[in-house]
Amino acid sequence: MTCTTIYDCALRGSDGLSVRQFGAINGDLGNLRRSIIFVGQITAATALMAWGWPLIQISVGYGSDNIWLEWRHALLSNLLPFLILTPGIVLGSTRGAEIIKRASLKQWMEMIVILAGLLGSGIGVFGLKSHALGNFPALLYIPLPFLLWAAVRLGLVGLSLSFLAFAFMTMLNALAGNGPFVSQLPADNIFGYRCS
Amino acid sequence: MAGCRGFYFGIWADHDRFDGILLGNSRPRSDDGIDLFAAAVFSVGRGEIWTTGSEHGIFARCDDINLSVLSRGMVLSQPIPRKECLSLQLFLIAIVLPMMFLAAFVEEQKDKTEVVREIKPWNAAFNGKRLSLYLSLGLTAIAMWAAYYFGSLVDLAFVYPASYFSALWPANAVLLAALLLNPPRYWSVFLLAGAVAHVVAQRQFWHSRIGA
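These protein sequences, in sequence, are chains L and E.
Taking my numbering, the leading residue of the first sequence gets 1, the next gets one more, and so forth.
Taking my numbering, the leading residue of the second sequence gets 1, the next gets one more, and so forth.
Derived by calculation from the structure, the hints in this document are not laboratory data.
Computed from a prediction, not measured in an experiment: that's the story for all the values here.
Mixed in with the good hints, there may be bad ones.
Rough simulated footprint, nothing fancy, chain L against chain E, three-plus residues with beta-carbon under 8 Å [stated by the list, open to error]:
#1 93-105
#2 133-144
The following label-pair restraints were derived from C-beta to C-beta distances [claimed, not checked]:
#3 L:Asn66 with E:Leu192: 43 to 51 Å
#4 E:Val196 with L:Ser104: 34 to 42 Å
#5 L:Ile67 with E:Ala143: 31 to 39 Å
Just so you know, even glycine gets a beta-carbon here, dropped at the ideal spot from N, CA and C.
Generate coordinates for the entire structure from the input sequences, incorporating the hints supplied.
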């Protein structure tokens with residue numbers, strides 16, 4: 001636990017330094033150029049620091065021997081929330097009061113409709129048994145219009161909130177054994193485990 | 001128990017030698033009448049390797065399949081296998097990136113048509129006349145600690161069974177945002193608060209798991 005805590009702190013610190021050092025943001029991410037730089041820097045820093053995880057695992061004798069798989073775990077598990085949440089928190093902190101003050105009733109209604117649409121379509125698609133999606137992979141794109149709507153109308157803060165709800169719902173469904181990211185049979189999983 | 005029917009699975013082995021997958025529609029019992037599945041559920045929940053003591057069966061600690069929640073032979077939940085979880089994460093990243101760029105582009109265009117606004121710092125509400133710097137820093141660190149701690153508890157629900165990693169770890173995003181919004185000279189405070197919250201949440205989670 002000590003190792004993971006130190007590793008986590010080092011990862012956050014290096015990511016923060018990387019983004020700060022190269023001036024990607026100055027309290028403001030609501031800009032395409034800065035967003036692209038932020039994504040590039042955060043990806044590079046996280047990818048670099050993610051190598052620390054397999055090394056820790058090897059040193060403490062835990063985890064699988066597949067270093068490449070462990071590295072991908074470390075990279076994606078950390079990168080995903082950075083991309084989903086960090087811009088929203090940063091912008092929400094700097095502009096949150098202003099955004100709330102200026103938000104009209106219509107925008108609040110839009111937010112509610114978008115969240116309801118995302119949850120409804122998400123449960124409808126990702127709550128299906130895995131084999132049910134096999135013949136209709138296009139169903140995966142049903143939530144996309146709602147995310148586009150959030151991106152265009154609600155900005156980065158609204159998109160962050162919407163995407164967080166979408167990501168949690170997708171993960172919860174996958175944990176419950178539903179959706180396209182779960183193989184059809186437990187036997188498939190056990191084979192995958194034994195062979196990995 | 002013997003009458004329970006459903007889908008069962010497990011590793012069929014001769015002591016430590018892996019022999020194959022056990023699949024069936026009935027609940028198998030060992031020679032001495034021990035219910036293999038019930039015993040496996042009991043022990044796998046504690047992360048141990050279980051054996052009957054005879055040569056009939058061993059349920060290895062199958063991290064990527066669900067042996068912990070079996071009720072009347074039905075598989076109720078099934079943790080995501082690691083490779084499939086990676087696919088899910090890639091899928092989400094592939095969606096969020098273009099959406100994020102689109103949102104940033106739209107905000108940029110909106111800003112061009114509006115009056116240029118002043119960007120207020122993260123702890124602007126605490127600054128200046130009302131609160132001292134140290135107090136504002138402390139309040140921000142406490143708020144971040146709470147966000148990190150409660151975020152971690154939620155995140156740990158998504159932890160990969162076979163590793164310490166969660167499929168999604170938003171608590172880190174909270175900490176990173178705090179670092180980005182504050183000058184580097186104050187980072188040690190936030191890193192310390194994050195580390196404490198991390199340790200407390202992890203200990204609470206793993207203790208509750210082991211004690212379950």
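For each hint, the structure was consulted:
1. Counting residues of the stretch 93-105 of chain E whose C-beta lies closer than 8 Å to any C-beta of chain L gives 11; at least three are required, and the coverage claim holds.
2. Residues of the stretch 133-144 of chain E with a Cβ under 8 Å from some Cβ of chain L number 0, which does not satisfy the need for three, so the listed coverage is violated.
3. Distance hint for L:Asn66 and E:Leu192: a CB-CB separation of about 34 Å, inconsistent with the stated range 43 to 51 Å.
4. Evaluation of the 34 to 42 Å hint for E:Val196 and L:Ser104 yields a pass: the beta carbon distance comes to about 41 Å.
5. Restraint check, L:Ile67 to E:Ala143: a C-beta distance of roughly 37 Å satisfies the suggested window 31 to 39 Å.
In summary, the numbered hints that this structure violates are 2 and 3.
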